[in-house]
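As you go down the protein sequences, you meet chains A and B in turn. Last residue of the first sequence? That's 300 in my numbering, and every number before it is there in order. Last residue of the second sequence? That's 1781 in my numbering, and every number before it is there in order.
Please note that a few of the clues may not be correct.
The calculated BS3-like cross-link candidates involving lysine-lysine, where the alpha carbons are at most 27 Å apart (straight line), are [what the hints assert, rightly or not]:
| id | chain 1 | residue 1 | chain 2 | residue 2 |
| --- | --- | --- | --- | --- |
| 1 | A | 226 | A | 281 |
| 2 | B | 1218 | B | 1206 |
| 3 | A | 40 | A | 194 |
| 4 | B | 1182 | B | 1218 |
| 5 | A | 123 | B | 1182 |
| 6 | B | 1321 | B | 1520 |
| 7 | A | 123 | A | 226 |
| 8 | A | 194 | B | 1218 |
| 9 | A | 194 | B | 1321 |
Hints are computed from structural coordinates only; laboratory data are not their basis.
Here is how the chains run, residue by residue.
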Amino acid sequence: MTYEEVFGIRDNPFCPNKPYEGVSPFLMAKLSSLPLQIHKAPRLKDLFSEDAGPFRDAIQDFQSLLQGYGYDPPGVGTESFVFLIRGPQGTGKTTLALWMVDWLASCLPPPGRWKIYDDWIHKDFVSAEAQASAFLALRDRILQETSETDYICVLLDNLLGGAEQQALNLYGDLFEKRVVAIFLITSDHVLLNKNWDNARFSPHAIYQTEDLSADNAVHYIRDRMKVFRAHGGNSPADLLYPFREDDIRSSLETGADETGRIVTLRQLNITLCNALREGVKLGPPGPPISLVQAYQRLVA
Amino acid sequence: MPDMNPFPDYPVAKLTDARPPHAIIETDQIQRARGAVETYTNQWPKDLARTAETIRPVILAVRGDYGSGKTFLLLDAMATLRERLAGRSHTVLRFAAIEADPVGWYQTEIGPRLAGNQLAEIMTLVYAEAAKKVASEVALTEAAVERLNREPRFVYQLINSHLLNRSRVDATLADFLRQQCKIGDDDTRAACQGLIWDQTTGIAQKWFAGRPLDSSEKEQLRISQSIITENAAAAAITAVASIHAFLRRPLGLFIDELEHLVRFDRRENADRGVTWMKRLLESLAGASPLMFVAGHWDAWEGLRADYLDRFTAQIPIDMLKLAGNDVRTIVERIVPLVTGKTPVFSQDAADAVARLAGGNFRRVITLLRALFDSSAGFSQSPAGETIEKLFEEAGQKLSLDQATQLLQEILGQRGIEARPYALVNETRFDLAGYQAGRPRIVFALRHALTAADSAGDVKRFLAQFDAAHNSVPGLIGCFIADGSVDTEVLSAIGGSDVNVIAFDLTRRDVLARITAELDKRLGVKPGAGTASAVEQLSVQSAALVERIDEARRTQDATLVAALEDQRRKLSLELEKASSQYQQRTQDLERQIAAIERKRITEIQEIGKRVDELTQQLQSEREKQVTRLAAPAESDLTRLHVTYTDLMKQPTPGQLLNYGLDSMAMALALFGVVAGIASAVFFKIGSYDLQGSVCLALAGVSVLALAYVVRSRALRFSRFHDFRVRTLREIYARSESPEALISADNLMRNLFDHYGWPEGMLRSRDLLGQQFGLRSEARPMS
């Protein structure tokens, strides 16, 4: 049975089996738990939901900070920036950063190009000391591989508490010699609430991602299902099928205030991916799926 | 035959004994200690799921002379704790103080014990609690709570598969450690967190062990310093206790030899150790442990009055010190129970014994034991010089550790590689000697409390040796007996024709005897000269196999056929020799089991008479010393007796009982009815169809009955053989009588439920996992 036969969707929206719109299979692998590498395959932007977290506001802030970059014809200024994106693990920090990188790349008039250093998206360092040493090596590499005419974009993912000063020093070393945009990404508890006011180079902007609210979850599921919907109505309920809004809300709501958010985007994505995989085995007509039951099957 | 020496030989107890034994006699002190343990354990509800009420700590001081039984009391308390909390996870930590400052003590003794894998496992439980809290906060993840309750380690899978919010779980864990466990020290909290994930477990264990961390390790663990201050050491211990309290997991802390810590203080003219200990007791009290602190009188003298306030039982347990009168009471009460005669033992001699032994209970009994042997059961009062000489000899006696060390040297000098705690054919021995990579000799060194234990230990060694010998023909077994050595048992081994030698470590010339015997045995080339027939035939057989291979390579078919023929004949001879050897081993085991039974009966008899006697005694002190000095059954006696009981052959009645199951009973009933009916028809005198049909049916049912009974009895008999073999293997591996009983119950239940051979295969699989037994092949139908 196919997803189309059972649920009227072309593939599993949360962990597609087939490459999406010509995107390389490598970039599609493990999409349920890894970030969308939008900067490498802009079609993946279709899968990015601005309402799956505080992304819409972050993007607006980002674009307004870089006012002028997005003009038509687009243009890149001569200023350098350092951004900090922080939040719990699995809440879309790296995907947001990659969206921003892609946007930056789109602003550069041809034949200029950005040189992107994103080696650390999947890398974890055992200690801040090791990470700080790696920053120095990266600085030397960048200066060796690029010239003054290049635009440099560096993603420093999984930044550890204790290595932040070295990361800012990297920015300090580069911005005098190149136009550079550095994205610092962290979920380290030491850095989550750190006050950066007294740092020599404090971030130009700090973006905070969060665990999901029920609203975020409903929007996310609807946006993603819409991309893969093969046929069927366009009403909000139709777009969510086989998921139901009340079920999503009751699964995620804690009864507490906003701070009571518990579930991450990645956690939800894995649950949804598995729910559809299991659901498709039952054949048509695909019954509505309960998220709680889907999770139960995952931990049984 | 001389009378059995009634005085037990108490070993020097070590707090680190892997399996703490119960005290044999319940003295007033032991009673108080057990009472304290029970007070503590009674607070833990039997229902594991129920949350315990507030748990009150139980903290006791134990004071006494060297050898007055403080360590034994602690070991007994541990054994009682283990027994009372059977089925509930709990932790027992034991530390002996050393002559050092608190940090030195922590780094040398406490830290390394604290930092074992168990601590990481316990932190996993805390992490699972944090995960449960996070999972329970939202309907989506509630199902994870149930799974975590069943399987706390599932937390790792939940986190690694992104099925729980890791940041949230980590934050909750940090909150638990800070708020609930009240671990205020940042480094201690970071080290606790470091125990959870493999990446940092080793470093966190190193930190808890008190070893210095390099800068990279500190960075990884996010701590500022290693445990180099008294505060940090106390914080680490208290944190472990607090985590136990948070998990509602009972914790027993046993500290021995406190006098060393105090002595260091006095030498340094300070009171750091004492003050540190006082503060530690205060902070531990909040974590509700069961705690015993034992030390020589010296440790407690001169301490400020408020020191004992830290103990929940403010009256310490004071151990007994023997005087000359006590020694005389012991001899006068105990010896007649064995010899039937009034002992000749002067007050001067009794005083000398008490003085030389310093009132130390263990030393007094050891000396009386030696005096009993030298004076033919106190038929004459020993002279002062004799007492002094025997006391000196007792002091010079080799300990088991020293003997093990010397044996290693003796083996090394003979070109034999000595391996302590070696596994030979999955059986562990105290020491094994290897020649050309093959085990050549295995040793067991055992201290026996009583003569019955001595026989039981030898019996168990024979079972262990038999398992190893089956896979290594020609292997030599060497049993070194210490303590209450039973000479009759050693003579039985000496007179047997099995590959086992035995020595009495209490004899002065023991080393010379061992060396001479080893030279004689190990000098023989494997398979040559005086080696056993089994060994010689095994060597010949191996040589023949090589020749056959060689002949095959040269394609000499005639030679191969001739050699194969020789090998077949040799195999038959080897089989016969092995069977004869097995028979001799079994004969020896039976002989030793008989001696063991005799000794147990004697000890039980003495015990009974001591009970009667103590009823009549007026003085409480007399009662106590008499009971303490008498031999009694120990944990090991229980093990050996249980094994002997379980190994009994089924009686014909049991076989028949099993053979006559419900189907057989129905057949028998049917046969009887048919028989009666045929008899009635024949009685009438007219041979007719009904009569002959009934007769035929009766005949058929009798035949069917015989077949059913026979086949069931055969199956039962096969099961019994399997059961005996399995129990023997377990006996060789485990010292627990409970393990033997539960294994036997398991086998019986599975046999009843699944029959033969399924019951056997299932029980073998289950017991295999527990005791490391090999799987059993499915028998051919």
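Here is what the structure says about each hint:
Taking the CA atoms of residue 226(A) and residue 281(A), the gap is near 22 Å; set against the 27 Å cutoff, the hint holds. A hinted pair counts as satisfied when its Cα atoms are at most 27 Å apart, and residue 1218(B) with residue 1206(B) qualifies at roughly 11 Å. Distance hint between residue 40(A) and residue 194(A) is unfulfilled; the C-alpha atoms sit about 32 Å from each other, more than 27 Å. Between the alpha carbons of residue 1182(B) and residue 1218(B) the distance comes to roughly 22 Å, so the proposed pair stays at or under 27 Å and holds.
Between residue 123(A) and residue 1182(B) the alpha-carbon distance is near 34 Å, which puts this suggested pair outside the 27 Å criterion. A hinted pair counts as satisfied when its Cα atoms are at most 27 Å apart, and residue 1321(B) with residue 1520(B) does not qualify at roughly 47 Å. Between residue 123(A) and residue 226(A), the direct Cα distance comes to roughly 33 Å. Violation of the 27 Å bound is thereby established for this hinted pair. As the CA atoms of residue 194(A) and residue 1218(B) are separated by approximately 21 Å, the hinted pair is consistent with the 27 Å bound.
This hinted pair does not check out: residue 194(A) and residue 1321(B) have alpha carbons roughly 65 Å apart, beyond 27 Å.
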